[in-house]
Structure formats: C-alpha cells, structure tokens
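Engineer: What follows is the residue order along each chain.
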Amino acid sequence: MLAWFQSSREVAFLLTVAGAATMALTNRYFATASNFDSLQTILAVNGMIALGMMVLLIAGFFDLSVGSTMGLAGIVCAMLLHAHLPIPLAVAAAVLFGATFGLVNGVLVAIVGINPLVATLGTMFVGRGIIETIATTQTLTGFTGFPKSFTDLGNAKAGGLYLMLWIFLAIAIVTHVALKRFAWGRQFFFLGSNPNAAHSFGFSTRRIISVAYALAGALAASAGVLTVARAETANRYLGAGIELEIIVACLIGGASTSGGRGSVAGAIVGTMLMALIRNSFVLYELDTQWQSVILGAVLIGAVVWEAAIRLARNRANPNEVI
Amino acid sequence: MDAGYSLTSLARSYGIIFVALVTFVVFSVVSRKAFLSPENIYGLFYGVSLDLYAITGFTLLIIMGEIDLSVGSVYALSGTTAGYLATRGFPTEFGILIGILIGFAVGAGNGLLVVKLKINSIILTIGTLLTVRGLSDVVAATMAGNRYAEGFRAIARARFLSLNWTVPAMFLVVLVLEFVLSRSTSARVLYYIGNNRKSALIHGMRTDATRIGAFVLSGGLAALSGVLVASRITIADVDMGRHLEFTILTAAVIGGASLFGGRGRVVNSVVAYLFLAMLVNGLIMFGVEPVFHQVIVGVILVAVVAADTQLNKEAG
Numbered sequence: 024m025l026a027w028f029q030s031s032r033e034v035a036f037l038l039t040v041a042g043a044a045t046m047a048l049t050n051r052y053f054a055t056a057s058n059f060d061s062l063q064t065i066l067a068v069n070g071m072i073a074l075g076m077m078v079l080l081i082a083g084f085f086d087l088s089v090g091s092t093m094g095l096a097g098i099v100c101a102m103l104l105h106a107h108l109p110i111p112l113a114v115a116a117a118v119l120f121g122a123t124f125g126l127v128n129g130v131l132v133a134i135v136g137i138n139p140l141v142a143t144l145g146t147m148f149v150g151r152g153i154i155e156t157i158a159t160t161q162t163l164t165g166f167t168g169f170p171k172s173f174t175d176l177g178n179a180k181a182g183g184l185y186l187m188l189w190i191f192l193a194i195a196i197v198t199h200v201a202l203k204r205f206a207w208g209r210q211f212f213f214l215g216s217n218p219n220a221a222h223s224f225g226f227s228t229r230r231i232i233s234v235a236y237a238l239a240g241a242l243a244a245s246a247g248v249l250t251v252a253r254a255e256t257a258n259r260y261l262g263a264g265i266e267l268e269i270i271v272a273c274l275i276g277g278a279s280t281s282g283g284r285g286s287v288a289g290a291i292v293g294t295m296l297m298a299l300i301r302n303s304f305v306l307y308e309l310d311t312q313w314q315s316v317i318l319g320a321v322l323i324g325a326v327v328w329e330a331a332i333r334l335a336r337n338r339a340n341p342n343e344v345i
Numbered sequence: 126m127d128a129g130y131s132l133t134s135l136a137r138s139y140g141i142i143f144v145a146l147v148t149f150v151v152f153s154v155v156s157r158k159a160f161l162s163p164e165n166i167y168g169l170f171y172g173v174s175l176d177l178y179a180i181t182g183f184t185l186l187i188i189m190g191e192i193d194l195s196v197g198s199v200y201a202l203s204g205t206t207a208g209y210l211a212t213r214g215f216p217t218e219f220g221i222l223i224g225i226l227i228g229f230a231v232g233a234g235n236g237l238l239v240v241k242l243k244i245n246s247i248i249l250t251i252g253t254l255l256t257v258r259g260l261s262d263v264v265a266a267t268m269a270g271n272r273y274a275e276g277f278r279a280i281a282r283a284r285f286l287s288l289n290w291t292v293p294a295m296f297l298v299v300l301v302l303e304f305v306l307s308r309s310t311s312a313r314v315l316y317y318i319g320n321n322r323k324s325a326l327i328h329g330m331r332t333d334a335t336r337i338g339a340f341v342l343s344g345g346l347a348a349l350s351g352v353l354v355a356s357r358i359t360i361a362d363v364d365m366g367r368h369l370e371f372t373i374l375t376a377a378v379i380g381g382a383s384l385f386g387g388r389g390r391v392v393n394s395v396v397a398y399l400f401l402a403m404l405v406n407g408l409i410m411f412g413v414e415p416v417f418h419q420v421i422v423g424v425i426l427v428a429v430v431a432a433d434t435q436l437n438k439e440a441g
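Chains A and B, in that order, give the protein sequences.
Quick note: to get my numbering, add 23 to the position in the first sequence (first position is 1).
Quick note: to get my numbering, add 125 to the position in the second sequence (first position is 1).
Think of the hints as simulated: they come from the structure by calculation, not from any bench.
Certain hints may be false.
[As the list claims (entries may be wrong)] Some chain A residues close to chain B (C-beta under 7 Å, calculated; not the full set): (1) Gly152; (2) His222; (3) Ile323.
The beta-carbon is built from N, C-alpha and C at its ideal position, and this holds for glycine as well.
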C-alpha cells in the first residue's frame with residue numbers, strides 16, 4: 024500500500040477521482056454536457072503537448088518553448104488557410120513547422136550542447152516575439168473566418184466524443200506501445216536513467232534527443248492547429264504560458280526532472296488533474312489570480328513529495344556519504 | 126595555457142564591457158539626437174540602478190551554480206505589497222519592512238527546500254514563481270490601478286547631488302561588491318562551492334548554510350529592487366517584474382556567468398543588463414516594434430551560451 028503512494032502518479036489519480044466526485048456532488052454545472060465538452064477539448068489539446076513533454080522528461084530533458092511552438096504553428100496554419108491552401112496541406116505544413124522548430128531545439132541541446140533551460144527559453148522568447156510581431160499587423164481577435172471543413176476538425180464529434188479526443192487517444196496509445204514494447208521507444212528510458220552508460224553502449228544520444236524534441240514540437244503544433252480549429256481564431260494569446268502547466272502536469276503524473284521516469288498514463292492523469300483544477304475555478308467562480316497560486320503550490324508539492332521519498336529511500340540504504 | 130591571459134578568459138571577463146561600449150558608440154553615432162540626449166542616458170542608468178539589487182542577488186546565486194527564477198515574482202509581490210500597505214495608511218517604513226521580509230521569507234523557503242531536500246533549484250523556483258506571481262496579482266487587483274501613497278512614491282524620487290540617490294548608490298554598491306568578491310576569502314567561498322561543492326564541503330566550508338543564505342539574500346534583494354521600482358512606477362501594475370528573471374538570467378550569462386556555477390561577476394551582470402536596456406531603447410528609436418525585443422533577447426541568449434559552450438569544449 025505504501026509503495027503505491029510512492030508514485031505521485033497514483034496520488035494524482037486519486038486526487039483526480041476525488042476532485043471530480045466532489046465537484047459532481049457540489050456543483051450542478053460540473054456534470055453537464057457543455058462542461059464535459061470543454062473538459063474533453065482541454066484534455067485532447069493539453070494531453071497532446073504533455074505526451075511530447077513526457078517523452079522529453081523521460082529522456083532527461085524538457086522544453087519551455089512548447090507554448091510558442093503551439094502559438095506559431097496555429098498562426099502559420101491560419102495564414103496558409105487565408106492564402107487558400109488546401110486544408111490537409113495547411114495542417115501538414117503547420118505540424119511540419121512544429122517538428123522543425125522542435126528539431127532546432129534538439130540541435131541546440133544535443134549537438135551544440137546548450138543547457139536545455141537556456142536553449143528552449145531562448146527559442147520560447149524568439150517564437151513569442153515573432154507571434155507578437157505578426158499580431159501587430161492583425162486586429163485583437165487575430166485570424167478568423169476559416170473554411171467549415173477546417174473548423175470541423177475542432178468541433179466534430181464521433182461516437183459521443185470529440186474527433187480531437189479520438190486523435191489524442193490514438194497518439195497516446197501509439198506512444199505508450201512505442202515506449203513500452205519497442206526497443207526504439209525504450210531508448211528514451213535508457214538515456215534518461217544513465218546518459219553516460221547509454222553513450223558508452225553506443226546509443227546515438229544526439230539522434231535520440233533531437234527526435235524527442237522534434238516529436239514534442241510536432242505534438243505542440245498539432246495542439247495549436249486543433250485549438251485554432253476549435254476556437255475558430257488564431258491570436259497572440261495562443262499557447263502563452265502553457266509550458267509551465269504542461270511540465271507541472273507531467274511532474275505530478277510521475278515524471279522526474281532527473282530523467283528515466285514517466286509514462287503515457289502519467290501524462291494523461293496529470294493533464295486531467297490540471298484540467299479539473301482549471302475547471303473548478305470556472306465553476307466556483309474563483310478569482311483567476313488564485314489559479315497561478317494553486318498551480319505553483321501543486322508543482323512545489325509534487326517536487327517536495329518526490330524529494331522526500333527519495334531522501335527516505337536513501338536513508339534506508341546510505342550508499343553516498345555526501 | 127595561462128588561463129589568466131587566454132583570449133577566452135579575457136573575453137569572458139571584459140567582453141561585455143567592450144560590447145556595451147561599442148553598442149553605445151554605434152547608437153550614439155547613428156541616432157545622435159534621441160539616443161544621446163542626457164535624459165535618455167540618465168533614464169537608462171536610473172532604471173538599472175533600481176533593478177541592481179535583484180541582479181546582484183541573482184548573480185551571487187548563479188556563481189554558486191543555483192538559479193532562482195522567482196526573482197521577478199518576489200520583486201512584484203514585495204513592491205506591490207509595500208505600496209499597498211503604505212496606501213492603506215500604514216507608515217511607509219512599515220510597508221517597506223514587510224515587503225523586504227516577504228522577500229527574505231520566500232528566499233528562505235526556496236533555499237531550505239533546495240538544500241535540505243536536494244531539489245533542482247530551477248524546477249522548484251518555477252513553482253515559487255507561479256505561486257508568488259499569483260499572490261502579487263491578488264494584491265495588484267486589490268489596488269485596482271490606484272496610485273500609491275505620496276510618501277511611498279517619494280522613495281525612488283529622493284535626490285542626492287541633484288541625481289536620484291539610487292544612481293550614485295549603484296556605483297558605490299558595484300565598487301564595494303567588486304572589491305569584496307575579488308579580495309575577501311569568505312566571498313571566494315561562493316566560487317569554490319560553485320566550482321565543486323563536494324570538494325568545498327570536504328575542505329571544511331559550510332556549503333549548506335552558505336547556499337541557504339544566498340537564496341535568502343537573493344529573495345531580500347529582489348524585494349528591495351521591487352520596492353524601489355513600485356515607488357517609481359506610481360500605480361500598481363500587474364505586469365511589474367514579469368519575465369524579469371529571464372532578462373537577468375540573460376544578462377548574467379552574457380556577463381560571463383556559467384549555468385554550471387563557479388563563474389560570474391556582479392559588475393559584468395550589471396553592465397550586461399545595461400547593455401540589454403540600451404539595445405531595446407536604441408531599437409525602439411529605430412522604429413523596431415517593441416514586441417520584437419523578445420526575439421533579440423532570445424537570439425542573444427542562445428548565441429552567447431552556444432559560443433560559451435563551444436569555447437569550454439575547446440578548452441577541454
């Protein structure tokens with residue numbers, strides 16, 4: 024029983040269930056169709072970004088630029104649609120753009136050797152600055168007026184669930200199988216657990232890191248495209264500040280900043296808990312300023328929890344004096 | 126190779142001062158009138174003289190290999206709270222005291238958790254950044270854009286020799302710090318800990334206490350800067366200090382500090398910060414969209430760290 028509580032993923036899962044139950048009992052708007060609609064789309068979009076971040080965290084890295092990638096890719100897609108490009112081509116180009124943006128991060132981190140915090144912080148600033156510069160040529164609402172078959176991507180439902188949720192679930196299953204069952208996916212765990220050993224055993228660490236960043240970029244871009252399709256607008260606020268929320272979701276879902284740990288299930292549970300927290304602010308009409316306080320407190324709680332368990336374990340078998 | 130005279134280490138020690146001077150000259154020549162006006166130059170120095178304390182605390186931490194991303198939020202919460210209390214009728218000194226105590230308290234929380242629980246300082250302080258930013262937004266919302274009390278607004282406007290007192294204070298503080306950090310044995314401990322913490326511990330240095338102390342100091346100094354800036358900007362502003370931590374991080378790195386610890390100088394961070402302020406100021410005069418300055422700061426940050434990483438590799 025105690026072992027079960029040692030993973031923050033299980034704690035997050037219990038909190039999610041307990042939170043959802045409490046909200047269902049105390050708020051009559053929680054269990055309504057429109058609220059479930061909004062929860063679904065948050066889970067699909069944030070979950071997609073969290074999957075990419077989770078793979079990076081497993082490999083021992085992280086990406087602060089996912090929010091900028093999401094925003095830029097959404098705007099790229101919107102601009103291409105305005106240029107009357109066919110929809111599949113515009114979407115593909117936006118996702119490819121995201122992958123390229125991610126690859127730039129990967130090259131900066133893996134080949135140039137820059138600290139991931141600084142590299143992705145830099146590209147976050149560059150991306151956000153480009154978004155702002157593009158936005159100055161637009162009205163406050165940004166790009167609007169997309170073809171119906173594009174907005175369907177974000178609003179259509181199949182079998183009671185949003186199409187975008189199905190897309191997310193498909194990607195999640197593929198990622199899960201790849202991470203657990205295929206040597207290719209297990210490389211990320213090897214690299215994150217012991218980078219030196221992975222290097223000595225002949226793993227192409229540079230390639231693994233670059234691929235992980237490109238993947239994170241492509242997933243963030245897909246999330247951006249889907250958000251534009253759902254909101255039917257692409258503006259300067261798209262993806263702003265989302266990177267911290269995603270990292271918090273992954274950490275409470277059992278990932279560790281020192282690498283080697285994490286799972287697709289953890290990314291989903293973490294994203295669900297974060298979505299519930301956001302949802303509760305809307306439903307109970309709490310001041311938005313407190314959201315950031317709660318978000319930060321949850322993050323601090325998650326890292327302190329992880330650290331306390333690690334320390335307790337080390338005390339049980341002290342193998343390091345200093 | 127004699128490290129003291131190699132081109133690399135010269136570039137690290139004095140490069141930023143050189144770059145800042147060149148930028149200054151270029152802007153002065155190209156946009157003579159607007160940029161070189163005494164008001165504009167004084168404005169740049171005045172702005173940096175208020176942020177100086179936050180930059181100093183951040184640099185002392187980065188020398189030890191730690192990063193405190195919560196400085197911008199602490200700066201905002203302390204400044205806004207101090208102004209709020211003064212405006213609610215408490216004595217100005219009381220407001221300032223509470224503001225700075227908040228900074229010390231957040232710094233102590235960061236330091237204790239990072240050191241005692243061995244938590245990565247970047248991740249922990251992202252948590253503090255969010256929490257403290259939220260609290261600061263709550264206080265700012267309570268102020269609802271009202272002006273701070275007269276007495277509070279006077280702090281940053283007090284004069285010394287017909288200058289704002291913070292400007293001569295800046296030169297004094299930087300000179301003293303430069304002297305102390307390069308000469309005093311107890312200050313060199315920061316560099317030893319940043320270079321090799323285990324070795325520092327084995328040699329009898331109080332590494333844990335020093336690291337916690339540096340976090341406490343960083344929080345308190347960020348609070349001091351925040352109080353001064355709040356006093357200057359007159360009204361409560363929710364955007365106060367937003368992204369300040371990233372600008373200071375960029376300045377420290379351009380100034381030769383390493384994210385791995387063991388390197389960095391307060392005077393270089395301050396000059397680099399002045400350089401960034403000058404760059405943004407100059408580009409605005411050239412009609413570059415102010416929003417574009419994020420792109421420039423980002424490119425500079427990545428380029429400088431890339432160069433530094435390559436130089437480190439070559440040095441072996």
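Engineer: Flag every earlier hint the structure violates by its number, smallest first.
Structural biologist: 2
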